[in-house]
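Participant: Listed below are the residues making up each chain.
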Amino acid sequence: MIPLFQPALRHGLLGLTRLLVGARASWEGSAPADVPRIYFANHTSHLDTLAVMAALPANLRARTHPVAALDYWGGSALRRAVAVGCLNALLVDRTGKATAEVMDAMAAVLESGQSLILFPEGTRGDGTVAPFKSGLYHLSQRVPTAELVPVFIENLHRVMPKGMPLLVPLICTMRFGAPLQGVEGEDKAAFLGRARDALVSLSRPASQSNAQSNSQPASQPSDQRTTR
Amino acid sequence: MSSVINSVMTVFTTTEPLFLWLSGAALGLLVVATLIGAVLAHRVKTPAGRDTVRNLNARIRSWWVMVALFAAAMLLGSVVTLVLFALLSYLALREFITLTPTRRGDHAGLFLSFFVVVPLQYWLVGIGWYGLFSIFIPVYVFMALPSLSVLGADTTDFLTRTAKAQWGLMLAVYCTSHAPALLWLDIPGYSLPPALLLLYLMTVAQLSDVFQYVFGKLWGKTRLSPGISPSKTVEGLVGGGLTAVAIGTGLHVITPFSPLQAAGMSLVIVTAGFFGGFVLSAMKRDLGVKDWGTMIEGHGGVLDRLDSVVFSAPLFFHLTRYWFT
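From first to last, the protein sequence lines are chains A and B. For the record, in the first sequence the residue sitting at position 136 is 136 according to our numbering, with numbers rising by one throughout. For the record, in the second sequence the residue sitting at position 288 is 288 according to our numbering, with numbers rising by one throughout.
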């Protein structure tokens, strides 16, 4: 029965996500493209995966797999149906017992030309970005051709702060940054620091405003924003 | 379903000639605007001009969608119209609170604002309980929200946080809800559907904005207040405002007003609409943003499009209620 409802459930979940948090995509350093990518994002709330998926164009969404914890999302048939059936999630064992298998599964997705969404902090933060776990480094070593695209999730920690059961609807923007360039002979710590910096640098809008949608022609003096 | 069809049919049959005239006029305006936009897109050469025309055409495209949505809601009846405005209030409040710094202690109060205050306010409007919907947010919510926040025991920016949340609710929910409240006014001797009063308010307020933009772009020279709203000009305000008053006077046929009364009402709507837009622009400058949001292509957010209605709706509602019911 469950597979029958999955398309409807998927549309319902994505629609509800947009109604609650907007889930607007802002492509600031990269453009949407169907190439193998590792989207790595800051982990702010339970809604992160849904918000990033809702922000992706439909054709890319179908070929993008969020990496989710097996112990939680594989816990019941319903959770599995939502995670795997609706959101294409790749369920991984995060106990550390099956590291090689996890790496194989993630690499297989990238090698088939599809993309992954990772949250390298490993845990939900309070609006600041915690140091990255090493999985991102090992995966990038394993599949060096995959593009590493930082995705800064803005505002979502205000929607559902850790430990708060209630949700406040606010407009959340996913800022897609420029792919990380490879550096020859870089060690793990340097790579992870650089990846984290790339993500943090997106936390302020590139062009401090919604200038594309503005109502003033470029020839007019801009508003007071810059003088503040 | 059949009741929906019935209500649509009733509107069609009782007001058929009027309905055809109004929808014909709206369609005509949109078609003319679209044609002008297409011609301009071919003629414009400078980069700055291209930006303006691109934005103009985005605005016109959005107008098609907004007019279609509004017309569909009105045809489907007062409950659907009420739900549409409740949704607009929710989206406008979301834009306002997104740009307002909030803290952990505000969380419960904000949750209630979105999911209890918004539905309750519109429910009170829908059951026609004027005595309560007109004081619910300014009196009861005004006291309840800070009472809830104070339990968070966080005094950082307490006054600012409380004031901003209250302003968001007053603008996005309280003031806006007075527009659909027009549908529940019982005006003796007025036989047309009350939806036409709402249409009147929206048409005059929005056309005032549109013509202020058009006059400003064509003949605008004297900036009204570059520090607050760089695109507003004296020529735009006077030309656009007078055009909207003229249209509002002509539209007296869909209202219970005489031509002179309609002119006065239009002048109130245009003046309040201007100050609404101006005040909300000052708030945007204070918050350091250009637009409230990005939902409506070319216009900005829902609050950017509603800013003139926010101030004019309560005034128009009270003037009509006081003198005509």
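Possibly wrong hints are sitting among the right ones.
As the list claims (entries may be wrong) - Below 25 angstroms or equal to it, Euclidean Cα-Cα: the simulated DMTMM-like pairs (lysine to aspartate or glutamate) are:
| id | chain 1 | residue 1 | chain 2 | residue 2 |
| --- | --- | --- | --- | --- |
| 1 | B | LYS164 | A | ASP126 |
| 2 | A | LYS162 | B | ASP154 |
| 3 | A | LYS162 | A | GLU184 |
| 4 | B | LYS217 | B | ASP154 |
Unchecked claim - To spell it out: a stretch of chain B is covered by chain A in this simulated footprint if at least three of its residues, at any positions, have a beta carbon under 8 angstroms from a beta carbon of chain A; those stretches are:
| id | region |
| --- | --- |
| 5 | 85-99 |
| 6 | 109-122 |
None of these hints come from the bench; they were simulated from the model. Quick reminder that beta carbons are idealized off the backbone N, C-alpha and C, glycines included.
Participant: Report holds or violated for chain A covering the region 85-99 of chain B, Cβ cut-off 8 angstroms, minimum 3 residues.
Facilitator: Coverage by chain A holds for the region 85-99 of chain B (5 residues, Cβ < 8 angstroms).
Participant: Is the Cα-Cα distance between LYS162 of chain A and GLU184 of chain A 25 angstroms or less?
Facilitator: Roughly 38 angstroms between the alpha carbons, so the hint for LYS162 of chain A and GLU184 of chain A is violated.
Participant: Within the region 109-122 of chain B, is the number of residues with a Cβ closer than 8 angstroms to a Cβ of chain A three or more?
Facilitator: holds (count 3)
Participant: For the pair supplied as a hint, LYS217 of chain B and ASP154 of chain B, is the alpha-carbon distance within the 25 angstroms limit?
Facilitator: Given pair LYS217 of chain B, ASP154 of chain B is violated - Cα atoms ~48 angstroms apart, limit 25 angstroms.
Participant: Next pair to validate is LYS164 of chain B with ASP126 of chain A; report whether the Cα-Cα distance is within 25 angstroms.
Facilitator: Holds - the C-alpha atoms of ASP126 of chain A and LYS164 of chain B are around 23 angstroms apart, at most 25 angstroms.
Participant: Quick one, are LYS162 of chain A and ASP154 of chain B close enough, alpha carbons at most 25 angstroms?
Facilitator: Cα-Cα ~17 angstroms, so holds.
Against the hints set out earlier in the document, violations occur for numbers 3, 4.
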